[in-house]
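Asker: Heads up: the protein sequence lines correspond to chains A and B, in order.
Under our numbering, think of the first position of the first sequence as 3, with each following residue one higher.
Under our numbering, think of the first position of the second sequence as 3, with each following residue one higher.
For the record, the hints were derived by calculation from the structure and aren't laboratory data.
Check each hint, because a few of them may be wrong.
Just so you know, same-sequence chains aren't split out, so a pair can sit in one copy or run between any two.
To be verified - In silico DSBU-like pairs for lysine-lysine, Cα to Cα no more than 35 Å straight-line:
| no. | residue 1 | residue 2 |
| --- | --- | --- |
| 1 | 201 | 28 |
| 2 | 28 | 183 |
| 3 | 201 | 178 |
| 4 | 178 | 28 |
| 5 | 183 | 201 |
There are 2 protein chains.
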Amino acid sequence: MTSAAPAPSADTSPRPHTPVRSRTRKAILEAAVAMLATNPQASLTEIAAAAAVGRTTLHRYFPERTDLVAGIVEVCVEQLNQAAGRARLAEGTGISALHRLCHEYFALGDLLSVVFSEPQLSDESSWQEDSGVGCSLSDTVRRGHSDGTIDSEMAPDWVEGVLWALLYNGWSQQAKAGTPKLTVLRMILRSLDGAVGPKAALVGDSGMEGNGRSILSS
Amino acid sequence: MTSAAPAPSADTSPRPHTPVRSRTRKAILEAAVAMLATNPQASLTEIAAAAAVGRTTLHRYFPERTDLVAGIVEVCVEQLNQAAGRARLAEGTGISALHRLCHEYFALGDLLSVVFSEPQLSDESSWQEDSGVGCSLSDTVRRGHSDGTIDSEMAPDWVEGVLWALLYNGWSQQAKAGTPKLTVLRMILRSLDGAVGPKAALVGDSGMEGNGRSILSS
DNA sequence: CCTAATTGGAACAACGATGTACCAGAAATG
DNA sequence: CATTTCTGGTACATCGTTGTTCCAATTAGG
């Protein structure tokens, strides 16, 4: 041990939140989100390149890959919560709140893909309860049940799943087939309405060779 | 070189379809499907172990990983086509055909997860046209349009996407939350009905603080 | 029972991804 | 302008996966 010198130089542990550092950190996280949205298994080299940053620097901010994904998860949770806040889940009917939520989520773009590929985010719904949104998604669904705007047989978990499944479908459609975003969003909302809305009058009285009921009961 | 002897011994190229071989091959493919359903990036060692087969043998049947996934894709296409055949897409109304298709697909179990994780299967719909099913999914959707059992604004691609999205959601729900399969299937069909069915009478006349129409048009 | 087919294990080479150490150049900060 | 901070490249060690080779043991089938 040398005396009480402030250590030679190689030391990344003190993390002063200097503007330069936070800017670089942000750039890396954004690039990482963009990359992992395209290819969930992008190598650190690719991510560093996408961030216009040396791989060394990347490791300086996120020593291990784990740390990077932790950072990304953090970003996602934050964005998702902000989106939920903007959707004002506590207002209006249950279904209208879900509409606004879809709208906000859909606007998150690339982040959607990341949410889907990251088990920590799709599996656990740990993020939706904590922050000060004041009204969780399941609360909203239950309000829709009382509302009459959401079928009471549709459990909150199922509704949530359908919402995400439709968002995913819409986003891929937009990414692969190049369907305009507005069109896709309209389809999502339309499908969501029907999928979780009250049963209404059973389909097709257009007189065809079979009716839906016989299938439903089978 | 020795004389005209039938080659020393090291030669796997001649592939006689002896019963033993086809049995082993089948076992490997089945184990691979089961493994990749759980973890899409399972190593060849894991897959070999799951198949109760040495890694050497695995390589003997599928020299490269590519070859294995090709084999799996082949299996999936076959299963999907058989399922579509069983669904008799050409019969009944459009929506009832979709119901039967969901039923058959859902019964494929683990294979569903593989289909989802394999880009070759979800991206391209190359498999649904070729074989002798006689009636493709898009044909069925179009019939539903004439039928009046499927909303004409729902493009075949979108309907197909929704169907898969709901299947995926249902399957994960069943796998993670342990919801009984029958319940899940009922939910899938119910949601599919609403999602792609004709608009019917707009939601909730249960007199609440907002109506669906204002949201839909926004 | 005897032969040929089939298998499984060990050992090895190659590869890419990850993580670390070091150092010289660039950039910011005073 | 001088100094601290920050960066980026090179080089290196490590690890897991993949693919190959060889051979001994097992198994199937006549």
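Asker: Hint compliance check: list the failing hint numbers for this structure, sorted ascending.
Answerer: 1
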